[in-house]
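K.L.:
With chain R held as given, fit chain U with the ligands onto it using these hints.
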Amino acid sequence: MSEAVTGMTAAIEVRAVEKRFGNVGIIRDLNLTVVKGERHAIIGPNGAGKSTTFNLISGHIKPTSGEVKLNGDVISGLRPFEINRRGLSRSFQVTNVFARMTVWENVRCAVLWATGQRYAFWKNVDSLPEVRERTAQILDDIHLTHRRDVPAGLLTYAEQRELEIGITIASGATVVMLDEPTAGMSHAETDRAVALIRRLTEGKTLVIVEHDMSVVFGLADRISVLVYGHIIASGTPEEIRRDPKVKEAYLGEEAH
Amino acid sequence: MTKATNSTSKAGADTSSGSLRFYGVWLIGIVALIVLPMIFSSGGSLTSFSLIGIAIVFALSYNILLGQTGLLSFGHAVHYGLGGFAACHMMNAVVSHGWPIPLPFIPLFGGLGGLVFAVIIGWVMTKRAGTVFAMISLGIGELVASSSLILRSVFGGESGITTDRTALPKMFGWSFGPQLQVYYLIAFWLVLSAIAMYALTRTPLGRICNAVRDNPERVQFIGYDPHVVRYLAFCFAGFFAGVAGGLAAINFEIANSAYLGAIQSGFVLFSTFIGGTAYFFGPILGAILVTYLQLGLANLTSAWQLYFGIIFIGIVMFSPGGIAGLVMMHRPLVRAGTLWTVIPSYLVAVVPTLALACGVILSIETVARYSGGEPIDLFGIGFKPTSPVTWVAAVVLVIGGAFVARLSWRRIAEAWDRAATVARDRGYLA
Ligand SMILES: Nc1ncnc2c1ncn2[C@@H]1O[C@H](COP(=O)(O)OP(=O)(O)O)[C@@H](O)[C@H]1O
Ligand SMILES: [Mg+2]
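Heads up: the protein sequence lines correspond to chains R and U, in order.
Residue numbering for the first sequence follows our numbering, starting at 1 and increasing by one per position.
Residue numbering for the second sequence follows our numbering, starting at 1 and increasing by one per position.
Chain R on its own, in the form it takes in the complex (with noise of 0.2 Å):
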């Protein structure tokens, strides 16, 4: 762990946070420090509580108890939305697109809040010279431009992952949660997946849930290993791949 991280540079700090559904404990004391600007993996085993922590972090579910931080504003016990107009941004391991709309139009929506239409009834979506141009240079940056007058429910499956990406990412958000976004990806279309997210998170805070631990040790500045709820270890590539409770509680059995 390094202890050097102090709460001044830190994008989110999870302190102490439980969860319990029912009975069941299924974040224990979870500790975890995002510094800004880095590349933060969390890795784990299935059913380790990865998008369970994404959830608690973005306001989706409330913790039982501890504290989440945002740049050093307590966020736990807001809701999603307030916690997203603080500049966090999240994707979903299971896509969550706007079905019956466009790929246009789910990107503009993600546009919208952020260039401060918020719920505006009289002026023309159409006519918004910023959104125009924001919604046009994500679809470029998704590759998504030859498909916008798609309905969402209609694009592949890579092509929906790329676009709950684009979803994600614009709303210019400086701190972007990103659950598994290659999950189902074959590898041609994971490395392009791994280049955008590199390309498009460029000078942002990035947390990213990943299975592919090529991708992870490719793509992370920091890794943070969570079993059973609970971080065992955080620390660079390097620190992670050394560290023997990592080796034997998780990368023992996937080892390359």
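Honestly, the hints are just simulated from the structure, not real lab data.
Bear in mind the structure is a predicted one, so any value in this text is a computation, not a measurement.
Please note: incorrect hints may appear among the correct ones.
[Unchecked claim] What the simulated footprint calls covered on chain U by chain R, stretch by stretch (three residues with Cβ under 8 Å from a Cβ of chain R suffice, anywhere in the stretch; the number is not a length):
1. 45-52
2. 193-205
3. 221-234
Heads up, the beta-carbon is just placed ideally off N, CA and C, and yes, glycines get one too.
P.N.:
For chain U with the ligands alone, coordinates are given in the frame of chain R:
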């Protein structure tokens, strides 16, 4: 890369010719509204057109909830009715105080009546969507409808609140006594409301409403509170329903508890759904068709509500997109130039489908009229409900029609698949 450029330039061309076509459609609609009473000038058609105009405003307001925000309301008539009462009270107040407000401004007060109630009740109602919202809307609908009979001073009890539209200050020398003048007043508000409601769909709020309809959970993670979005949509829907109610109050010169009730709420749900909720013009088609059928069928048969039910079930089962969905399904085929390959299969299907429909009508009318013994007039052919000949004809038509019709429908599906495949290959269908 070339593919992307091509499609972009094509999209660009589509947009400019599309906007021409867009304004063309609105212009045609407005011109049609102006000339309709010149072509069909009988009192009966003027009354029908007026009712249809009111129904269109009402159905469009309902679709702000159902089609655009994904809220299924069973109590939308509450806003319509309160709009009607607000308009009646306003008209009477204008007359008794001698205020200089002419009749054409009255629907605005109807709208405010619908809006105020939506503002008050909406925040609690729209906290949740789905079944919870539907059930609460049903409850509120019943509550208000029954209150209207108890709170006599406001709602006038059984007899309602009457008014005299001609007693208001004149405008352009119009007294609004003749139905023709009332029709034009309704047409004016129809155009105004339709443009406003269409414009609403093209605003940031309108688009976020669609997002809330598709996926309220995800909306929270792009900065929006779905509760606020639903609430605002509910207020807009309430306002325009109130406008429709105000128009009805002007048209009938009365508002009573029937305006607020479940039948009226069912009627608007029905019109909107049959027309199709996915397109802006769907509820317009639905309101025209349902109002027209209601007026026409009620004269022809006592079982007209049964036919409504059958039509509704048919649409729900076979064309959940409504009439608008059926029409718009053909657009990619038209663009790809493959529509002509399915037309023959349609023509083949017409005869057996009509036979089936006749069989169903004959069966229903036989049952409905058996005890009374009144003759059935089916497209000029007379049948006696008590005669075995009629029963045999009905059974033969239903069974034979259904059998052949199914075959012909299957052929439509096959022709459709082939045409769609071609359209997909040509890039007109995703
Ligand atoms: N809403 C919930 N209610 C009950 N149990 C849940 C809920 N969400 C997640 N869990 C449980 O929490 C555990 C962790 O799930 P998850 O966070 O999705 O794991 P991961 O993303 O690491 O694979 C699983 O056992 C899952 O069944
Ligand atoms: Mg997960």
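K.L.:
Count the residues of the region 221-234 of chain U whose Cβ falls closer than 8 Å to any Cβ of chain R, and tell me whether that reaches three.
P.N.:
It holds, with 8 qualifying residues against the three required.
K.L.:
Three residues or more, CB to CB closer than 8 Å: is that satisfied between the region 193-205 of chain U and chain R?
P.N.:
holds (count 6)
K.L.:
Between the region 45-52 of chain U and chain R, see if three or more residues pass the 8 Å beta-carbon test, and mark the coverage as holds or violated.
P.N.:
violated (count 0)
The structure shown violates just one earlier hint, number 1.
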